[in-house]
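Asker: Here is how the chains run, residue by residue.
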Amino acid sequence: MNIDHIKKEFPIFDKKIQNNDLVYLDSANSSQKPKIVVDRINEFYTKQFSNVGRSVHYLAVAATNLYENTRTSVQKYINAKDKNEIVFTKGATEALNLVANTLGQNYLQEGDEVLITELEHHSNYVPWHFLRKSKNIKINFAEINEEGEITLEEIEKKITPKTKLISITHLSNVTGAILPVKEITQLAHSKGIIVVVDGCQGAPHLKLDMHDLDCDFYAISCHKMYGPTGLGVLYGKKKWLEELPPYQGGGGMISEVKKDRISYGDLPNKYEAGTMATAQVIAFDQSIKFLESIGIENIMRHEADLVEYGQELLKKNNSVKLIGNPKNKGGVLSFTIEGVHPHDIATILDEDGVAIRAGHHCCQILHDKLDIPASARASVGIYNTKEDLDQLNDSINNCKKIFNL
Amino acid sequence: MNLKELYQEIILEHGKNPRNLRKTEGFNKDAKGNNPLCGDNVHVYLKLNGQRIVEDVSFQGSGCAISMASASIMTDLIKGKNEHEAKEIVEDFLGMIKENPELKSEYLNKDEKTKLMCLSGVKQYPMRVKCATLSWHTLVSAFDNKKEEVKTEN
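From first to last, the protein sequence lines stand for chains L and A. Taking this note's numbering, the leading residue of the first sequence gets 1, the next gets one more, and so forth. Taking this note's numbering, the leading residue of the second sequence gets 406, the next gets one more, and so forth.
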């Protein structure tokens, strides 16, 4: 695998950004886009555009086929049993809201407990909080250990006879911890508990196999998978998607509409109300092709090498404190520097063309637990190299110099 | 872009050792501000006397060097001014950070203007402007005794 060749497929790296070569270390936030994805959007709008699933003219039929092709590609990529288990949403956030909302309508009752973790992104907490307000459900938090991990034992400890659902991240966007989702699902199912997985960080960086994981729902963010923004995927087991009520009402999701009654369409249309992000869905097929052309095993190996290298580098750097030290770690290096606020770090690194994120990364619960208001985070993607991490370290040293450390 | 202009020695010094980082005893006005995007927060305490002169002003909170230095310099400058003067200084500062090349207020002496202009480097960093302005918006809110938290927009 030649990273230089792969990097050449991303047009963003062709030009200088503010007179610097771009060192993009913000892929956990959103990944850059390969040319084939960008070109596909252009091609669809300029040569093939039509709305899907409605008209019978040539372009409409062709566009519908393209749209459905992506659904099949996603199904195969994540090894789902049925293509109707793939629902397109406007993002992983909407996917998680869809699950919380529909389970809230039809399944969760007052007094039921939902177990999440201290690692969760706000998008896997706030939708459950809505149900805490509207349905009086209770939310429990599994706690992180010293290394910033959530263990199977901790989950087991927090399950009560009232626990109806566990909603967990696959890979923490702050500590990088990879959760034992398969084992947690086995345990949960043995007690009749549903499992929802926030796969925003898992999907771009780990091998996905829904059949093997056996979780009930899995939410995916396409723009973190070298795909377009405005698009997410919800995988849901067919029995759930069939049983649960629709999330939004509108065109495309109905079967029959009368003044006194309405019946809803079959899967997956039932959950895809209104005109969907058609061009994004069609272009996302290219993102999957791109990932497949490299191979997820190669991606995982490359990113694991990078993280190990980066961790060693930063551990050796005085005054840098890494957040979390999980055994199973994804491509995220979160850190603080004693005496320099993360926003100042990010601004100073940016001057060298090093793009990182600073803040609480939508994980205030975790930052409260760690007793820090914010952290700096460098996260890697397939286009990153060890030289990028050397540059990160050099820029951190510059930062220390400016702050007289 | 110029990092040296942004992180001048005086900013780093105030950022490291902020003045008036405490809670005024017997304060009679206060307000909270936060920056929801980055989690920075500030709580400003004011003690006004009968003539509405600032007898003491202080702040608590956490944030980057820019926001801490800005709050520190602000509290230093505002002490001893009356409400009208203080609010005009706030207007003048916000105008300078947004677009004006210099400070105009007659209530600031030359030294005070020089000190405040140290924060002008932030103009070149649009994402950081809110760091510099949060405590100033919160000060106005404290004067007006507003109960709702200030949330910064650029």
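Everything labelled a hint here was simulated from the structure, so no lab data went into it. It cannot be assumed that every hint is accurate.
BS3-like mimics (lysine-lysine), calculated; alpha carbons at most 25 Å apart, straight line [as the list claims (entries may be wrong)]:
1. LYS369/L to LYS437/A
2. LYS16/L to LYS409/A
3. LYS321/L to LYS421/A
4. LYS400/L to LYS503/A
5. LYS528/A to LYS16/L
6. LYS369/L to LYS528/A
7. LYS556/A to LYS400/L
8. LYS47/L to LYS16/L
9. LYS520/A to LYS401/L
10. LYS289/L to LYS7/L
11. LYS401/L to LYS552/A
12. LYS400/L to LYS528/A
13. LYS421/A to LYS401/L
14. LYS401/L to LYS515/A
15. LYS428/A to LYS409/A
16. LYS133/L to LYS421/A
Asker: Next, verify each hint and record whether it holds.
Answerer: Verification of the hints:
At most 25 Å may separate the alpha-carbon atoms for a hinted pair to count; LYS369/L and LYS437/A meet this at roughly 22 Å. Taking the CA atoms of LYS16/L and LYS409/A, the gap is near 22 Å; set against the 25 Å cutoff, the hint holds. The suggested pairing of LYS321/L with LYS421/A holds, with an alpha-carbon distance near 19 Å, which does not exceed 25 Å. Between the alpha carbons of LYS400/L and LYS503/A the distance comes to roughly 29 Å, so the proposed pair goes past 25 Å and is violated.
Between LYS528/A and LYS16/L the CA atoms are separated by roughly 23 Å; this keeps the pair inside 25 Å, and the hint holds. Between LYS369/L and LYS528/A, the direct Cα distance comes to roughly 34 Å. Violation of the 25 Å bound is thereby established for this hinted pair. Simply put, LYS556/A and LYS400/L have alpha-carbon atoms about 30 Å apart, too far for the 25 Å limit, and the pair is violated. A threshold of 25 Å between alpha carbons decides the hint, and for LYS47/L with LYS16/L the separation of about 31 Å lies outside it, so the pair is violated.
A C-alpha spacing of about 23 Å is found between LYS520/A and LYS401/L, which places the hinted pair at or below 25 Å, so the restraint holds. Straight-line distance between C-alpha atoms of LYS289/L and LYS7/L comes to about 16 Å, which keeps the hinted pair within the 25 Å bound. Between LYS401/L and LYS552/A, the direct Cα distance comes to roughly 41 Å. Violation of the 25 Å bound is thereby established for this hinted pair. Taking the CA atoms of LYS400/L and LYS528/A, the gap is about 23 Å. The hint holds against a cut of 25 Å.
A distance of roughly 15 Å separates the Cα atoms of LYS421/A and LYS401/L; the hinted pair therefore holds under the 25 Å criterion. Pair hint LYS401/L plus LYS515/A does not hold up; C-alpha atoms about 31 Å apart against a cutoff of 25 Å. For a cut-off of 25 Å, the pair hint linking LYS428/A to LYS409/A is broken: about 32 Å separates their Cα positions. In summary, the hint linking LYS133/L to LYS421/A is not supported, as the alpha carbons are separated by about 42 Å, beyond the 25 Å threshold.
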